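**Student:** Next come the chains, spelled out residue by residue.
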Amino acid sequence: MKNTGTLKVTTPTEREIVMTRVFDAPRRLVFDAFSKPELLKRWFGPRGWLLAVCEVDLKVGGGFRFVLRGPDGREMGMRGVYREIVPPERSVHMESFDDYPGESQVTAVFVEENGKTTLTATVLYPSKEVRDIVIKSGMERGAAESYDKLAELLASMGSEG
Amino acid sequence: MDRSRHLDATFSALADPTRRAILALLAAGEAPVMELAEPFAMTQPAISKHLKVLERAGLISRGRDAQRRPRRLEAKPLAEAVGWLEGYRQFWEGSFQRLDALLDEMKTQEKTSGVRSARKGKHR
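First to last, the sequence lines map onto chains A and B.
Start counting at 1 in the first sequence, then tack on 41, and there's your number in my numbering.
Start counting at 1 in the second sequence, then tack on 6, and there's your number in my numbering.
If we strip away everything but chain A, and leave its shape as in the complex, we get (with noise of 0.2 angstroms):
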């Protein structure tokens, strides 16, 4: 598993976006770090983005809560439940973000290999109408693409297939 580090995004079908990404470390201290606020507070958002709220009641049919403040003050806000917690190995939970309609489900199966930890994690839309809405987001977001960018991502996805 020499891929440590490489986040892999696939969509497998219309109402799916699977990732899957290697951590160098036993899968207890990833489940934990997914799992315990006082560690998600430490890595879970995109740069620059604080964990303002996160509240965690790990427990079949428990819920979670957790806001992100950006670097201008704005918030995005997401709660679920869980459905299915097997520690160190799975996780099943509902999520929904503030800002838009729709529940997804989000498996992760944590797989440990010497050591390391492979997670994969599989987010399951109601409906390609909610999937769309995430996309439309993401484009909103706007990664500015360049063909550099394209070719760069073309050759990995190509190499892989």
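Calculated from the structure, these hints are not laboratory results.
In this text the structure is predicted, and so the values were computed from the model without any measurement.
A few chain A residues that don't get close to chain B, going by computed Cβ distances all over 10 angstroms:
id, residue
1, V94
2, D98
3, G102
4, G104
5, E125
6, I126
7, H134
8, Y141
9, G143
10, A149
11, N155
12, P167
Pairs of lysine-lysine residues, derived as DSS-like cross-links and limited to a Cα-Cα distance of at most 30 angstroms, are as follows:
id, chain 1, residue 1, chain 2, residue 2
13, B, K58, A, K169
14, A, K157, A, K82
15, A, K49, B, K55
16, A, K49, A, K157
17, A, K49, A, K100
18, A, K82, B, K113
19, A, K77, B, K113
20, A, K169, B, K55
21, B, K82, A, K49
22, B, K58, A, K49
23, B, K113, A, K100
24, A, K82, B, K117
25, B, K113, A, K49
26, A, K77, B, K117
27, B, K117, A, K100
28, B, K113, A, K157
29, A, K49, A, K77
30, A, K49, A, K169
31, A, K77, A, K157
32, B, K117, A, K157
33, B, K58, B, K82
34, A, K100, A, K82
35, A, K169, B, K82
36, A, K157, A, K100
The beta carbon of each residue, even a glycine, is placed where N, CA and C say it ideally should be.
Based on these hints, arrange chain B on the given structure of chain A.
**Tutor:** Here is chain B on its own, set in the frame of chain A:
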């Protein structure tokens, strides 16, 4: 075509490794069909089929030269697909880089306390 159907067409066109490789070639500049067929162990009609799918998805277009039949990359639909994934990726990539650092710290901490408990075990 609405935006969502656009993306469907884009993503299904991108689902094939040969078509992605063709786009990667075209990212370097327009090229005629002959040239595009060269790197692949495929006949020209087979390549033409892939080009048709890409064209229908709006990912490539034809140049003016009827004889050379050059194809070129159409950036917009691809940028839309990439833009979406990029926004998503950026969110998580930034997060995960910080998580890497945190995990390193957690591992070190565990090692230190692990040495301590191992010593305790010896005394027993």
